[in-house]
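**Q** Residue-level listing of the chains:
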Amino acid sequence: MAERIEILISGFGGQGVVRIGQILGQAAVYEGLFTTMLISHGTETRGGYVRSQLVISDEFIDSPVVERPDYFCAFSAIAYGMFKVLCTPQSLILHNPDLVTPDSALSARHWAIRAESLAERELGNAVFANVIFLGALSSKLKSISSENLVRALQDRLPPRYHEQNLRALELGRSL
Amino acid sequence: MKRTFDTGNAAITEGAILAGCRLFSGYPITPATEIAENMSRRLPQVGGFYLQAEDENAALHICNGGSIGGLKAMTATSGPGFILFADPFGWAVSSEIPVVIVNSQRVGPVSGITGAPGQGEFYFSRYLTHGGNYETIVLAPNSVQEAFCLTVRAFYLAERFRTPVTVLADQMVTDGWETLIIPETDEEFRGMGLESVPRRIHPGPEFYPASDAIDIPPVVLGHNTGAACSDWTPTDRGHDTEDVTWQHKHAWRLIHKIRNHRELIDESETWFLEDDPEIILVAYGTPSRVVQSAVRAARKEGLKVGGIRPISLWPFQDALFSRKASYLTVELNWDGQLVREVQRAAAPGSSVHFWGRCGELPSVRELLAAVRRLKEGKALERDGWRTEAW
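Chains as they are written, first to last, in the numbering used here: chain G, 1 to 175; chain W, 1001 to 1390.
Hints should not be assumed to be uniformly reliable.
Stated by the list, open to error - Result set (SDA-like, lysine to any residue): computed pairs, CA atoms no more than 20 Å apart in a straight line:
#, chain 1, residue 1, chain 2, residue 2
1, G, 84, W, 1363
2, W, 1002, G, 33
3, W, 1304, W, 1366
4, W, 1002, G, 58
5, W, 1300, G, 60
6, G, 140, G, 105
7, W, 1002, G, 60
8, G, 84, W, 1194
9, W, 1324, W, 1366
10, W, 1002, G, 155
11, W, 1300, W, 1376
12, W, 1002, W, 1194
13, W, 1300, G, 59
14, W, 1002, G, 156
15, W, 1002, G, 140
16, W, 1300, G, 3
17, W, 1375, W, 1351
18, W, 1002, W, 1018
19, W, 1002, G, 34
20, W, 1002, G, 30
21, G, 142, G, 32
Stated by the list, open to error - Covered stretches of chain G, as calculated for chain W (at least 3 residues, CB under 8 Å):
#, segment
22, 56-69
23, 96-102
Note that these hints are calculated values from the structure, not bench results.
All C-beta atoms, glycine included, are put in the ideal place defined by N, C-alpha and C.
Bound-form chain W, shown alone (with noise of 0.2 Å):
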């Protein structure tokens, strides 16, 4: 094992290294140009390519050419990059492709502030694209080290599903240092739960069966069946069609090879949840770390207090909302996203609060304050415009 104290951005460069990554595509944006830095540097010493795009739309069709083209693909951006996805992004859900993006969220809308942190992106990550008709997989770290974990984990999972998986981080993970330990044999890697599928190729020259079926290799030109980059709708050999009836198993392939198979994409770290909470805050992201803290100090205090993080965000995991509590949600946003996603999910006769805040994390002292209204049936009015209304 190597200990180092470094980036999160460095921990996302070693995690796409480790896992096979052999061609980086992107376009230099803050938070995440480090990772476009180090991949410049890392790939070409283990034999993989580095392209700088005019911007990230190339960035993303360039990927997505690299992976049909045979070689595990990444690129990384923050939320002004990441809206230029939209179309690259269908194409890679529609043809299958396994790619991983990276999105450090940075404060919004539109350039917003470059070196602070936001989530602004929770919802345009689950709909990046037009037409709906898919279903795809986010992940969320919290940490520099679960930065890398979570990088190796979306390139295994975009290899088992076909799709590309996105690591929605944000600024405080990706600009932010921390302890890191990279395993340096395999029996390292396994060894901290890591899983790795090599690239392999579609056998031909049938294209996707009309199944949730996962694990099928994905097509690589050149091999067995030429059928895999075109953006229409695909027959079973993969030609291009208008047929409805080919829509419809497309788009349920799509859709259910994802969603019959949650137990592979699942993933949440929850505090107290089994000690009878009757307040729970909800945090994805750095914020959570801060949860964390202000779970256990309102425990201290003998408030019944838990706390859920999800880890997978998309598919959103309804199950972990099952407990009839009052939920608080804690973001970097000031309109509420994922408040709106627990109120759907959570138990009837739930309540369901929000406290956001953009461009820096909140304090302990500040939930505790929050909880502490919370409990006592108060509203979680702040001063003037700074209100829960969400």
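Extracted from the complex, chain G is given alone in its bound form (with noise of 0.2 Å):
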């Protein structure tokens, strides 16, 4: 029986929604699954509305579309207020509190990461709280590896950048 995972990643530009879809893909490719991520976004670079639609299997992926995610890291509450309409029991919805406030009427399972102030506290730059999202979120995944994780991390991310993410990863995994 194929397995399909479903994951939702959404934001605003410049928070990494695109760039931890793509480690976490490319981790899968590793793994030696399917992996497809669809993107949309608005005109703008940074600021404008982004979606990650990224489905892992372990056979070919027709239809690329989430639909009933099994993940959604919500980055935004607009992007929360958008999305959380996809989500079923048994979804795990990653978010910040300071940023997303849970619905109480939605019967998904919600995961509460502070990662903009640890990534401030631990790494001194908010910057990194994607990659820490990325590390929670892929703690749960059993079928990607932390050493296919690590080697596409960097792979994706310049190597000047590669120690604080990967404390950063490490910081997200062990939560």
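Hints in hand, dock the two standalone chains.
**A** Right, here's the structure in full:
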């Protein structure tokens, strides 16, 4: 039986929505899995709306559309508001409670991660928040090893940022 | 084989390089900008040329010029740039210049929405220039891997048919990321079913014969015949003429060199067509991926549903629709384009329906709901202005 994992990541441009999808997708490809990632975005380079729809499967993926996300990384209140309707009781919504207030009417599970403040405190810059989210999300994905995740991160980011991002990844994985 | 995770834009770039493209001219536009970016990096590495043009009209003119100069050439754009190709596209058609055009369809008309997919250029890709009197080849990928393979194929067909070939993609194909396999040796290239024709040179001195013959090398300026780049009607020597007899011979060649070699062009994928389908979903490009899922899900429910995905869009493959059935086209536009062609081609007694939207893919759930309504004989009317009217 094929396992299909659907991941939705959404927020503003500049938050790393596409970047963490790239790293996760690359890691899945290293695992020999099929991966698709659809990107939707506005015109702006930064500040505009961005969404990544990531599907990982051990067989060819026909529809690349995330209809029932297993995981939803909501990086902004707007993104949460737009896509919470897709979530099911099985969905896990990763969010920063400083930015997103969970809807108590929603049956999906919520996981609050104060990634921005954690990144500022531990790494001196909130910009690493997305990789903390990536670490947390990846700790739930049994099909992707931490070795391949590290390899993908090193492939997708410039070497001078490896050390801090690897620490951010580890922070996320240990939550 | 190199197995990567990359975008359709990267796939198109690498496909073009492997197919022998050595000139790219373009003007950046979302969601095809990365093709220009990638080409500007890759072409100098292989001894090719990248030239940013002042607009898309100039870009395709430059590609035509480069091709007449002996280089395989490509340009890439999205709808707002595609419309500017009308003039140089006609020149390439009439002067029989091999060139590859990529259009990543976004939401229109005009600037519309940049980072979201549309399918508004189905007919426009067929009638990209004025005057009629020609046939054209358009290929439509539905995945990153296929964007790679069809780019290689576009160059192959362009060389053999001496004509522009359009790769009609959409934003989800070009911006989307997916597993991409790239061959690293000639053996792997052929093993993936890919073919390539090197640029050859017309032997001269006569121009092209008044026949449907393909595989005649294109004219290259400075070699054997200078008659190549005039956009007037050519005689058999390539001289300008206003004689209707020559015009007829020229038009006949432009039309029938393509129409009489359909076996080299026609390509499609079908699902459950041999399994007695009552309802057949039809889509090209990214929506066809959702259609494939929906057809499978419908079959699991015991519904007699099939699917058709034209991979080569033009010339249109009427023969795919020879079965009497209820057809439902699924498109990324609100006005219905593919549906009109299916209605024309469908076997007598068929009914033809349309499910459209723009900027977002349909969901499997929505398509299954439409299939169930069709099965119950109900119209596909949805809420308010979202109707089936087309």
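**Q** For a C-alpha distance cap of 20 Å, please report whether residue 1002 of chain W and residue 58 of chain G respect it.
**A** Cα-Cα ~19 Å, so holds.
**Q** Check whether the Cα positions of residue 1002 of chain W and residue 1018 of chain W lie no farther apart than 20 Å.
**A** Given pair residue 1002 of chain W, residue 1018 of chain W holds - Cα atoms ~13 Å apart, limit 20 Å.
**Q** Please verify whether residue 1324 of chain W and residue 1366 of chain W have alpha carbons no more than 20 Å apart.
**A** 24 Å, violated
**Q** Is residue 1002 of chain W close enough to residue 34 of chain G, meaning Cα to Cα at most 20 Å?
**A** Distance of about 15 Å is within 20 Å: holds.
**Q** Straight-line Cα separation of residue 142 of chain G and residue 32 of chain G no greater than 20 Å?
**A** Holds, because 14 Å separates the two Cα atoms, which is no more than 20 Å.
**Q** Within a Cα-Cα threshold of 20 Å, do residue 1002 of chain W and residue 30 of chain G meet the stated pairing?
**A** 12 Å, holds
**Q** Quick check: the segment 56-69 of chain G, covered by chain W? Criterion 3+ residues, Cβ under 8 Å.
**A** holds (count 6)
**Q** Holds or violated: are the alpha carbons of residue 84 of chain G and residue 1194 of chain W at most 20 Å from each other?
**A** Distance of about 44 Å is beyond 20 Å: violated.
**Q** Given the hint that residue 1375 of chain W pairs with residue 1351 of chain W, does the C-alpha gap stay at or below 20 Å?
**A** Holds, because 12 Å separates the two Cα atoms, which is no more than 20 Å.
**Q** Hinted pair, alpha-carbon criterion (20 Å max): residue 1002 of chain W, residue 140 of chain G. Please report holds or violated.
**A** 29 Å, violated
**Q** When you check the alpha-carbon spacing of residue 84 of chain G and residue 1363 of chain W, does it fall within 20 Å?
**A** Given pair residue 84 of chain G, residue 1363 of chain W holds - Cα atoms ~16 Å apart, limit 20 Å.
**Q** With a cut-off of 20 Å on the C-alpha distance, tell me whether residue 1002 of chain W and residue 155 of chain G pass.
**A** Holds, at about 15 Å.
Of the numbered hints listed earlier, those contradicted by the structure are 6, 8, 9, 15 and 23.
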